[in-house]
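From first to last, the protein sequence lines stand for chains D and C.
Using numbering that gives the first Met the number 0, the first residue of the first sequence is number 0, and each one after it goes up by one.
Using numbering that gives the first Met the number 0, the first residue of the second sequence is number 0, and each one after it goes up by one.
FYI, nobody ran anything at the bench for these hints, they're computed from the structure.
Don't be surprised by glycine CBs; every beta carbon is placed ideally from N, CA and C.
One thing to keep in mind: the hints can contain errors.
[As the list claims (entries may be wrong)] Only pairs whose alpha carbons sit at most 27 Å apart, straight line, appear in this in silico BS3-like list of lysine-lysine:
(1) Lys-91/D / Lys-58/D
(2) Lys-82/D / Lys-181/D
(3) Lys-3/C / Lys-21/C
(4) Lys-307/C / Lys-158/D
(5) Lys-3/C / Lys-58/D
(6) Lys-119/D / Lys-171/D
(7) Lys-370/C / Lys-380/C
(8) Lys-171/D / Lys-380/C
(9) Lys-30/D / Lys-3/C
(10) Lys-307/C / Lys-288/C
(11) Lys-158/D / Lys-30/D
(12) Lys-21/C / Lys-199/C
[Claimed, not checked] One-sided and incomplete, this derived list gives chain D residues near chain C with beta-carbon spacing under 7 Å:
(13) Asn-22
(14) Gln-36
(15) Ala-37
(16) Phe-38
(17) Pro-39
(18) Phe-40
(19) Arg-62
(20) Val-63
(21) Arg-64
(22) Ser-65
(23) Ile-67
(24) Val-127
(25) Trp-131
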Amino acid sequence: MSDEMIEIRFHGRGGQGAVTAANILVYAAYKAGLWGQAFPFFGAERRGAPVMAFARISKRRIRVRSMIRHPDIVVVLDPALPKLVNVLDGLKQGGVIVINSPSKPEFGEGYRVYYVNASKIALDLNLVLAGWPLVNTAILGALARPLGFDIGIIEEAIKDYLGGSRGEVNAKAARRAYEEVKILE
Amino acid sequence: MVVKPLTGNYAAAYAAKLSRVKVVAAYPITPQTTIVEKLAQFIEDGEMDAKMIRVESEHSALAAAYGAASGGVRAYTATSSQGLLYMHEMVWWVAGSRIPLVMTIVTRTLGPPWNIWTDHSDIMDQRDSGWLIMMAEHNQEVLDETIKMFKITEDPRVFLPGIVGLDAFILSHTTEPVDIPDQELVDTFLPPRRQPYVFKPGDSLLMGNVPRNLKENMRMREDIHNSLEAAKKVIEEVDEEWGKLTGRRYGGLIECYRCEDASHFIVGMGAWVGDMREAVDSLRTNGIKVGLIKVRYVRPFPREDILKWVVNAKSVIVFDRSVSAGSAGPLFLDVAAHLMAAGIRVPVKNILAGITGLDVTYEDIADAVLKSVAEVEETGKFSRFIEWYYGR
């Protein structure tokens with residue numbers, strides 16, 4: 000990781016756990032000896048509607064608190080979201096996209112794309128709530144790649160945050176996504 | 000000691016638990032809700048030995064907390080915005096009764112229209128009530144200052160209630176690492192509860208009746224004022240003591256950032272002080288000698304501390320996140336009045352920004368300051384004393 004701060008925007012649907020993913024990332028960052036900051040989009044959220052969450056990671060204590068307008072990384076939890084919202088909005092040139100997608104996604108030139116079928120991983124591990132696959136922890140495993148995080152730290156952060164058997168199975172999902180994620184340069 | 004990523008709201012809840020609060024009374028309102036949810040969970044899980052009083056309104060929430068505190072226990076409440084206004088009558092009553100009590104205000108814009116985002120109109124509306132009022136910059140400060148506020152407010156030189164403010168969402172719902180001190184450390188730091196009188200069954204005491212002697216009544220208001228002045232020393236002592244135990248000193252009523260050789264000063268309070276630090280660094284890189292005065296306590300107002308720094312300044316730029324409509328921002332009014340009263344003639348300007356929750360970046364702050372500094376460097380004064388800043 001460079002000295003610069005890394006800014007990340009999560010796109011999900013209300014109830015998919017985008018905010019939880021951002022929070023777990025702060026746990027992981029701290030375990031990796033970094034500073035982290037996570038926050039939801041500052042508004043009312045509804046289940047199923049497109050939502051955003053944000054995270055910053057830095058070697059230094061983070062002082063800024065304004066909204067993230069030009070992320071280095073966007074994380075997309077739902078493969079259908081790019082049709083509904085412009086997930087590339089403000090993404091820096093050469094930026095990274097980490098997406099839950101069953102097949103090779105199309106984002107055009109100029110981005111590094113990491114894709115993994117997080118929905119399948121969640122379903123295989125029976126991570127389902129109210130009929131939805133819970134993909135937020137699997138996607139963190141994929142995100143570990145562009146961040147250069149040790150997957151062990153992500154697993155540990157997930158276990159700490161969720162606790163018990165829930166923590167164990169979610170950590171498994173992250174590990175699998177970490178191993179299965181594919182990269183398009 | 001354990002470091003945990005916490006939201007600002009959870010930091011407040013942990014602080015209330017560590018301070019061994021015995022009674023919590025609150026009514027839920029966005030964005031305060033998760034403080035009370037967390038406290039309810041602590042109590043339910045047996046981690047906190049306290050009584051949660053469920054009430055039908057914020058007015059009753061503070062009335063119940065006040066009643067409990069009058070009965071001799073540490074009591075706590077939290078609210079925001081419209082809820083705080085509904086509580087406002089009790090805010091005066093608690094201060095006038097000299098009952099120590101701690102309240103968290105998660106600052107949120109007042110309606111209409113309905114708006115859940117941060118500005119400081121709700122907390123500044125309590126300005127004249129006699130409570131100590133502070134604003135935190137980050138979640139660690141929320142936790143630290145809440146614990147310290149119990150000690151400060153229960154000091155016999157103070158005996159007044161205190162408010163710890165934190166910005167809606169920017170702190171309340173933002174997760175960042177927070178050092179949670181051990182219970183033993185907080186127990187060593189906080190003495191047993193002290194207060195001027197206790198309501199006890201069988202020991203009658205009359206409070207709040209219509210006075211016969213209005214001079215005595217006026218003296219009560221003067222006493223509140225004097226105790227707030229006396230609180231300045233207590234705030235500094237407690238800051239030092241907490242610093243010895245934890246290594247975290249905040250500097251008392253204000254904290255100065257890169258002030259030593261500064262010619263121009265910006266003054267602000269709350270979470271955006273973090274962005275202001277970034278703005279100062281960026282302006283300094285461009286050769287502008289700017290310093291930042293972070294107001295931690297707005298009541299008592301840090302008159303002496305601010306004047307000491309700006310006495311030879313070329314300009315002072317005060318950022319307010321609320322406005323006294325028809326006059327100016329409340330922080331600016333305090334700064335300008337005390338400069339004037341002390342005979343310090345320095346160009347002073349009020350930038351009103353971030354009001355109604357409008358997002359403000361450090362680049363915005365640097366931009367507004369740069370333009371203001373350029374004007375005062377060229378002409379020696381500000382052509383207008385108020386600027387409504389909407390971003391670049």
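**Request:** Give me the numbers of the hints this structure contradicts, sorted from smallest to largest.
**Result:** Those not satisfied are hints 4, 8, 18, 23, 24 and 25.
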